[in-house]
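Undergrad: As a plain string of letters, each chain reads:
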Amino acid sequence: MLHYAFMVHALLAAGAVSVLCGLVGWFLLLRAEAFAGHALSHVGFTGATGAVLLGLPPLAGLISATLAAGLAMGGLGARIGRRDVAIGMVLSLALGFGLFFLHFYTSYAAQATALLFGNVLAVDRATVLALTGLCLVSLAGLALIGRPVLFAAIHPEIAEARGISPRAIGMAFLAICAIAIAGAAEIVGVLLVFTLLIGPAAAAQSLSRRVTVGLVLAPVLALGQAWAGLTAGFYSGWPISFWIAVFSFLTYVLATMLRPTEP
Amino acid sequence: MNDREPAVELDAVVLAQGPRTLLADASFRVGQGEIIGLLGPNGAGKSTLLRALLGLVRPRAGRISVLGRPVRPGATRVGYLPQTEPNGQFLSAWDVVAAGAAGNRLGLPWRGGTARAEIDAALAELGATHLAGRRYVNLSGGERQRVRLAQAVLGRPALLLLDEPLVSLDPAAQAETVALLRAIRARLGCAIVVSSHEINPLLPAIDRVLYLARGALALGPVDQVITTKVLSRLYGAPVEVVRVGGRIFVLPGEATLPLDRAG
Chain Y
1 MLHYAFMVHA LLAAGAVSVL CGLVGWFLLL RAEAFAGHAL SHVGFTGATG
51 AVLLGLPPLA GLISATLAAG LAMGGLGARI GRRDVAIGMV LSLALGFGLF
101 FLHFYTSYAA QATALLFGNV LAVDRATVLA LTGLCLVSLA GLALIGRPVL
151 FAAIHPEIAE ARGISPRAIG MAFLAICAIA IAGAAEIVGV LLVFTLLIGP
201 AAAAQSLSRR VTVGLVLAPV LALGQAWAGL TAGFYSGWPI SFWIAVFSFL
251 TYVLATMLRP TEP
Chain W
1 MNDREPAVEL DAVVLAQGPR TLLADASFRV GQGEIIGLLG PNGAGKSTLL
51 RALLGLVRPR AGRISVLGRP VRPGATRVGY LPQTEPNGQF LSAWDVVAAG
101 AAGNRLGLPW RGGTARAEID AALAELGATH LAGRRYVNLS GGERQRVRLA
151 QAVLGRPALL LLDEPLVSLD PAAQAETVAL LRAIRARLGC AIVVSSHEIN
201 PLLPAIDRVL YLARGALALG PVDQVITTKV LSRLYGAPVE VVRVGGRIFV
251 LPGEATLPLD RAG
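If you're matching them up, the sequences are chains Y and W in order.
Counting along the first sequence from 1, when you hit position 2 you're at 2 in my numbering, and nothing is skipped either side.
Counting along the second sequence from 1, when you hit position 200 you're at 200 in my numbering, and nothing is skipped either side.
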């Protein structure tokens, strides 16, 4: 399958995005903000449909919308994990606007399906480069703030007492999260972002009680799922996002069953 | 800080939360190596006072000095145990402690040899070495307090602020935790301010008591502060202090039976 340029592009793009998603997801779960991640992906849908309507690339719209929403959520300061009603209302409105934008777009159905469920095989060379660059920048950012993000996630009050602003760290982290989500939406679609963002991270947290092991395991599992999904899709002819969702779920269930017991 | 400077010094401090005055014109000193029990009814402002000592709440008026310097967030020689439990309880106790080791510095959350030795030493100090590898979520209440205190003594602080460390512990675990306070002071020589809404479990450990009620406070030895006279003045209403078998009971209202009055 590596003879086909579209498959090479897909493997590269999915690889970069899944590694970032695995890492970001591990921290996102620690901060109990999985629902915020879900909401960001829906806001991304609105951004993408808006961009398409304006004749811009969907990825640009995706990223601008998720980044803006991520920064706004982080700017709320207090931990957003418990604000699920407000987040739910905003994401519903975002989806409503997404539909509104699609209404004015002529090739309605195909575009909607691609945004909702992903279209990784349509990723061209320019998009691969853009995604890889964005992921590298985000990984570098995460490497820089990893330690304070971990501290603030586990001991929010002590971190604040040590001079870490919960707002600054929340905004920085959710900005990185927004890029990961926009990337994942490009690969598996906005509805299946959890398959790369949450599934592998949750499996890693079941399997290991160590930070270091978890931060290696989560991106490795995410990468494995993404590439296994692409391979299965290539040989079966069935949708790749379907396979990634299946592998993500199986990994999660297996990890839950294999969760090591206490000595 | 030299040897004569107090660990904590308040000078005409006014603390308020919205329209409520929690502390009106308070001046007092806590000496180095002293263990102070911070007592008072719910909502009296015990947590707010601790947060003010961390520099997280600004006084409306007056001056707060901690370890000989004007208070500011990020003071490294102040250890803090907040009331809420840490997040990420699937992690090992070691990792929960490690998250706070120089967690405000930038970089990856990897720990070098020096940091690892420091974390191991803190766990050993609290007799929690055998808990290091276990998931935090599986620890008992008393074991959790050992681990959380280990995190608080990282970096060998000169002042420890503990917010309700005895709440929701069974009597045995309460006694175990109180014994740890004395052991920590013996090892580190640090001053400890420990809040509680119940005085009896703290009696074996504290040197003086700081009683907070209705914006006023009284600081002194237990026998001079927890008395019918002083507490009635603080509450602005008659209360009765009764001592039975080395324990102290504060009862609302005036006694109708001739009780053994202390005060």
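Take the hints with a grain of salt, since some may be wrong.
[Said to hold, decoys possible] Partial pick of chain Y residues on the chain W-facing surface, computed with a CB cut under 10 Å:
hint, residue
1, 34
2, 53
3, 55
4, 71
5, 75
6, 125
7, 144
8, 155
9, 158
10, 160
11, 167
12, 212
13, 214
14, 220
15, 223
16, 224
[Said to hold, decoys possible] Here chain Y is said to cover these stretches of chain W; the calculated rule only asks that three of the stretch's residues, wherever they fall, bring their Cβ under 8 Å from a Cβ of chain Y:
hint, segment
17, 39-48
18, 68-80
19, 191-197
[As the list claims (entries may be wrong)] Here are the computed distance ranges between Cβ atoms for each label pair:
hint, chain 1, residue 1, chain 2, residue 2, range
20, W, 84, Y, 136, 29 to 39 Å
21, Y, 250, W, 137, 22 to 32 Å
22, W, 110, Y, 92, 53 to 63 Å
23, W, 233, Y, 210, 51 to 61 Å
24, Y, 55, W, 77, 22 to 32 Å
25, W, 207, Y, 92, 20 to 30 Å
26, Y, 224, W, 89, 53 to 63 Å
27, Y, 133, W, 27, 29 to 39 Å
28, W, 62, Y, 129, 51 to 61 Å
29, Y, 96, W, 21, 24 to 34 Å
30, W, 116, Y, 140, 40 to 50 Å
31, Y, 96, W, 27, 35 to 45 Å
32, Y, 253, W, 110, 53 to 63 Å
Just so you know, the hints here were simulated from the structure itself, not pulled from any lab data.
None of these values were measured; they are calculated from a predicted model.
The beta-carbon is built from N, C-alpha and C at its ideal position, and this holds for glycine as well.
Undergrad: Taking the hints in turn, state whether each one holds.
TA: Against the structure, the hints come out as follows:
With a least beta-carbon distance of about 13 Å to chain W, the hint placing residue 34/Y at the interface is violated under the 10 Å criterion. Here the hint on residue 53/Y is broken, as its CB sits about 40 Å from the closest CB of chain W, past 10 Å. Given the 10 Å rule on beta carbons, the hint for residue 55/Y is violated: about 40 Å separates it from the nearest Cβ of chain W. Evaluation of the residue 71/Y hint against chain W yields a violated restraint, the C-beta minimum of about 20 Å exceeding 10 Å.
Interface restraint check: residue 75/Y against chain W, minimum CB-CB distance 19 Å, threshold 10 Å, status violated. At its closest, the beta carbon of residue 125/Y sits 32 Å from a beta carbon of chain W; the interface hint therefore is violated under the 10 Å criterion. The beta carbon of residue 144/Y comes within 5 Å of a beta carbon in chain W, closer than 10 Å, and the hint placing it at the interface holds. Satisfaction of the interface hint for residue 155/Y is found here, the shortest Cβ-Cβ separation to chain W being roughly 5 Å, below the 10 Å cut-off.
Because the smallest distance between the Cβ of residue 158/Y and any Cβ of chain W comes to about 5 Å, under 10 Å, the interface hint for this residue holds. For the restraint placing residue 160/Y at the interface with chain W, the shortest Cβ-Cβ distance is roughly 6 Å, inside the 10 Å limit, so the hint holds. Because the closest C-beta pair between residue 167/Y and chain W is about 13 Å apart, greater than 10 Å, the hint is violated. At its closest, the beta carbon of residue 212/Y sits 7 Å from a beta carbon of chain W; the interface hint therefore holds under the 10 Å criterion.
The interface hint given for residue 214/Y holds, since its Cβ lies 8 Å from the closest Cβ of chain W, which is under the 10 Å cut-off. At a threshold of 10 Å, the smallest CB-CB gap from residue 220/Y to chain W is about 17 Å, leaving the interface hint violated. Look at residue 223/Y: its Cβ only gets to about 19 Å from chain W, farther than 10 Å, so that hint breaks. Taking 10 Å as the C-beta cut-off, the interface hint given for residue 224/Y is violated, the closest approach to chain W being about 21 Å.
Figure legend: the segment 39-48 of chain W, annotated as covered by chain Y; annotation inconsistent (0 residues with Cβ-Cβ distances under 8 Å, at least 3 required). With 5 residues carrying a beta carbon less than 8 Å from a beta carbon of chain Y, the segment 68-80 of chain W meets the three-residue requirement, and the given coverage holds. With a cut-off of 8 Å between beta carbons, the segment 191-197 of chain W has 0 residues touching chain Y; three or more are needed, and the interface restraint is violated. The given range of 29 to 39 Å is respected by residue 84/W and residue 136/Y, whose C-beta atoms sit roughly 36 Å from each other.
At about 25 Å, the beta-carbon gap between residue 250/Y and residue 137/W stays in the expected band of 22 to 32 Å. Checked against the hint of 53 to 63 Å, the C-beta distance between residue 110/W and residue 92/Y comes to roughly 41 Å, which is inconsistent with it. Here the CB-CB span from residue 233/W to residue 210/Y is close to 54 Å, well matched to the stated 51 to 61 Å. Separation of residue 55/Y from residue 77/W is about 59 Å and departs from the stated range, judged on CB atoms against 22 to 32 Å.
In this structure the supplied range 20 to 30 Å is violated for residue 207/W paired with residue 92/Y, their Cβ-Cβ distance being about 57 Å. At about 27 Å, the beta-carbon gap between residue 224/Y and residue 89/W misses the expected band of 53 to 63 Å. One distance hint, 29 to 39 Å for the beta-carbon pair residue 133/Y and residue 27/W, is violated here, with the actual separation near 59 Å. Separated by about 59 Å at the C-beta atoms, residue 62/W and residue 129/Y satisfy the suggested range of 51 to 61 Å.
Distance hint check: the CB atoms of residue 96/Y and residue 21/W are about 47 Å apart, inconsistent with the given range 24 to 34 Å. The hinted window of 40 to 50 Å between residue 116/W and residue 140/Y is violated, with their beta carbons roughly 25 Å apart. Range check, residue 96/Y to residue 27/W: about 58 Å between beta-carbon atoms, so the 35 to 45 Å window is missed. Checked against the hint of 53 to 63 Å, the pair residue 253/Y and residue 110/W fails, with Cβ atoms roughly 31 Å apart.
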